[in-house]
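Participant: Chain S is fixed; fit chain H onto it per the hints.
Listed below are the residues making up each chain.
Protein chains: 2
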Amino acid sequence: MTQQAHEIHLIRRPDGMPKPEDFAVVPVDVAEPGEGEIELQTLLLSVDPYMRPRLDRDQPLDAAMLGGGIARVVRSRHPEFAEGALVRHMSGMRDRFVSDGRGVAALVVDPDLPLSVYMHALGGTGLTAYGGLLEVGALKDGEQVFVSTAAGAVGSVAAQIAKLKGCYVIGSTGSAEKAAWLRDVAGLDAVIDYRAEPLAPALRAAAPNGIDVYFENVGGAHLDAALPLMNVRGRIPVCGMISTYNGDREGVRNLSVMIYSRLRMEGFVASDFGALRERFAADMTGWLKDGKVRYQETVLDGFDQAPAALIGLFEGRNAGKMLVRMAQ
Amino acid sequence: MTQQAHEIHLIRRPDGMPKPEDFAVVPVDVAEPGEGEIELQTLLLSVDPYMRPRLDRDQPLDAAMLGGGIARVVRSRHPEFAEGALVRHMSGMRDRFVSDGRGVAALVVDPDLPLSVYMHALGGTGLTAYGGLLEVGALKDGEQVFVSTAAGAVGSVAAQIAKLKGCYVIGSTGSAEKAAWLRDVAGLDAVIDYRAEPLAPALRAAAPNGIDVYFENVGGAHLDAALPLMNVRGRIPVCGMISTYNGDREGVRNLSVMIYSRLRMEGFVASDFGALRERFAADMTGWLKDGKVRYQETVLDGFDQAPAALIGLFEGRNAGKMLVRMAQ
Numbered sequence: 000m001t002q003q004a005h006e007i008h009l010i011r012r013p014d015g016m017p018k019p020e021d022f023a024v025v026p027v028d029v030a031e032p033g034e035g036e037i038e039l040q041t042l043l044l045s046v047d048p049y050m051r052p053r054l055d056r057d058q059p060l061d062a063a064m065l066g067g068g069i070a071r072v073v074r075s076r077h078p079e080f081a082e083g084a085l086v087r088h089m090s091g092m093r094d095r096f097v098s099d100g101r102g103v104a105a106l107v108v109d110p111d112l113p114l115s116v117y118m119h120a121l122g123g124t125g126l127t128a129y130g131g132l133l134e135v136g137a138l139k140d141g142e143q144v145f146v147s148t149a150a151g152a153v154g155s156v157a158a159q160i161a162k163l164k165g166c167y168v169i170g171s172t173g174s175a176e177k178a179a180w181l182r183d184v185a186g187l188d189a190v191i192d193y194r195a196e197p198l199a200p201a202l203r204a205a206a207p208n209g210i211d212v213y214f215e216n217v218g219g220a221h222l223d224a225a226l227p228l229m230n231v232r233g234r235i236p237v238c239g240m241i242s243t244y245n246g247d248r249e250g251v252r253n254l255s256v257m258i259y260s261r262l263r264m265e266g267f268v269a270s271d272f273g274a275l276r277e278r279f280a281a282d283m284t285g286w287l288k289d290g291k292v293r294y295q296e297t298v299l300d301g302f303d304q305a306p307a308a309l310i311g312l313f314e315g316r317n318a319g320k321m322l323v324r325m326a327q
Numbered sequence: 000m001t002q003q004a005h006e007i008h009l010i011r012r013p014d015g016m017p018k019p020e021d022f023a024v025v026p027v028d029v030a031e032p033g034e035g036e037i038e039l040q041t042l043l044l045s046v047d048p049y050m051r052p053r054l055d056r057d058q059p060l061d062a063a064m065l066g067g068g069i070a071r072v073v074r075s076r077h078p079e080f081a082e083g084a085l086v087r088h089m090s091g092m093r094d095r096f097v098s099d100g101r102g103v104a105a106l107v108v109d110p111d112l113p114l115s116v117y118m119h120a121l122g123g124t125g126l127t128a129y130g131g132l133l134e135v136g137a138l139k140d141g142e143q144v145f146v147s148t149a150a151g152a153v154g155s156v157a158a159q160i161a162k163l164k165g166c167y168v169i170g171s172t173g174s175a176e177k178a179a180w181l182r183d184v185a186g187l188d189a190v191i192d193y194r195a196e197p198l199a200p201a202l203r204a205a206a207p208n209g210i211d212v213y214f215e216n217v218g219g220a221h222l223d224a225a226l227p228l229m230n231v232r233g234r235i236p237v238c239g240m241i242s243t244y245n246g247d248r249e250g251v252r253n254l255s256v257m258i259y260s261r262l263r264m265e266g267f268v269a270s271d272f273g274a275l276r277e278r279f280a281a282d283m284t285g286w287l288k289d290g291k292v293r294y295q296e297t298v299l300d301g302f303d304q305a306p307a308a309l310i311g312l313f314e315g316r317n318a319g320k321m322l323v324r325m326a327q
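Going down the list, the protein sequences come from chains S and H.
Just so we're aligned: 158 in numbering that gives the first Met the number 0 is position 159 of the first sequence, and the numbers increase by one with no gaps anywhere.
Just so we're aligned: 98 in numbering that gives the first Met the number 0 is position 99 of the second sequence, and the numbers increase by one with no gaps anywhere.
If we strip away everything but chain S, and leave its shape as in the complex, we get (with noise of 0.2 Å):
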């Protein structure tokens, strides 16, 4: 016996910016899970910036788009999967699919948080910047903090762990908008609109003690106008230089101060912190039931709105972590 579900694909590679033409809903056939196989239902999708350069070449014409999110199990054959049972998947953008059980884990949550936190504060990027800090960033309590992006869904995590340290916290942003959320709802010590004021010199005036870590997701100008500001043996963890994916790569010319400042930067992902993962898990559940770490996401209901939220991603009508929800 079959069923019914659906797939996003990719049809036509996207001219500029992606069109809901560039995309469709498409109808397939799921078999029933043979021995040693499950049936997930997807309950989340997540919709990410790093989705976009993968659509001018490494996604597949005319296949699920790749992705992942959260899916319940709906039959087992497998030992390690229990029917009910909630899981991470990364097998792309479908409804309702069979799988070997690669690529699939298990989600435990509490059941005092929303589950789409486990997509965002409690998933990816909340690992990437809880390792990015405190491992490559090798942040210390009450450390003088700079980070680019600081809105983001990685950003608002790392800004708001390094408060959470005691830290002085500096962060830039693109919007008035999401510059206020930093300052009055993220408790941010200093915030620079970087589309409202130069970067350099905003940046200098919010640092007087320097900086001694500063959480990179922009590259160019940004790191230009860090590198002069960093304190003796300060840390760049690299976590993204967004300012260079579009080919438009600014030079950076700065770099020399690495010399007397002592200076270490270094480039990570989150899959080097599965060490971490534990301690992590523990640590921003607490911080998330106690609402000292806040986040924003933008939900769009529905399997067939995928398309659209990826689009409204790339055209930043989002805030916080874009998600899609499908109906349970």
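If you are wondering where the hints come from, they were derived from the structure by calculation, not from laboratory data.
One should not assume that every hint holds.
Under 7 Å between C-beta atoms, here's a sample of chain S residues computed to sit facing chain H [as the list claims (entries may be wrong)]:
1. 241
2. 255
3. 262
4. 287
5. 288
6. 291
No residue lacks a Cβ here, since even glycine has one placed at the ideal position from N, Cα and C.
Facilitator: Frame of chain S, contents of chain H only:
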């Protein structure tokens, strides 16, 4: 009783390339050493690239040129220094002077090595290469290594230490003569004369297995050429960025590869490596005596040759370390 001695003074700021008339050999009186003092006779003076920018600013006019050398204790009223002992000093370009011992350190030499090696391979430049490569660069045996300005006082030691650790070593340099020395005497695996061929394709061809450690002396285009070739978890110890020192600061555009390649880039100076000093001295003494680390030096005889040595260095008329030797 006083006696006659000499100092090299800067008597006017150079306009572009320094000229002999910018300097003077000035006779001075040397008093008897008092209680807790020593009288020192300089044997060798170190002449280094870092001295150039100082001539425009930090170097006071009509005072002894800043710098260091090796001296002999000719009279001592200081409990820590015996008459006849050798010392390193950072007391400036002076042939004979009295010191209270600050900035003066006992120097124990190996009788089978020329004294001059204690000014380069066994001195600060050697320690810079050793600590930068092994500690900051965390070099592992057999790795792929690239050293820029590999024929310089620091680069040549770094490149040869990497060879001693069983690494595949690529060096860049700016003349055919230096390239030949690196290939034929220092025994590097691949040498690029960046004045004779475009750097980026030459480096790509020379590094078929990528680069694990890039010992960075240049910055700018050198760094941009190396970054895309770095292997995952590669390291870039930053010793210098000479391409940026004269205001001609090329922007670096390829930094975003640091993220997925998890690169670490870190600045350092020789004074960071105090804890390595003993192990360095033992290792390097052995390597020099076994002929495993080769070096070049250009020695000018006579204290009054110091200005000529300095100018010759800035004009690139030296091979390897530039030194001034005094009659003894």
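Participant: Run through the hints listed earlier and report the numbers of any the structure violates, in increasing order.
Facilitator: 1, 4, 5 and 6
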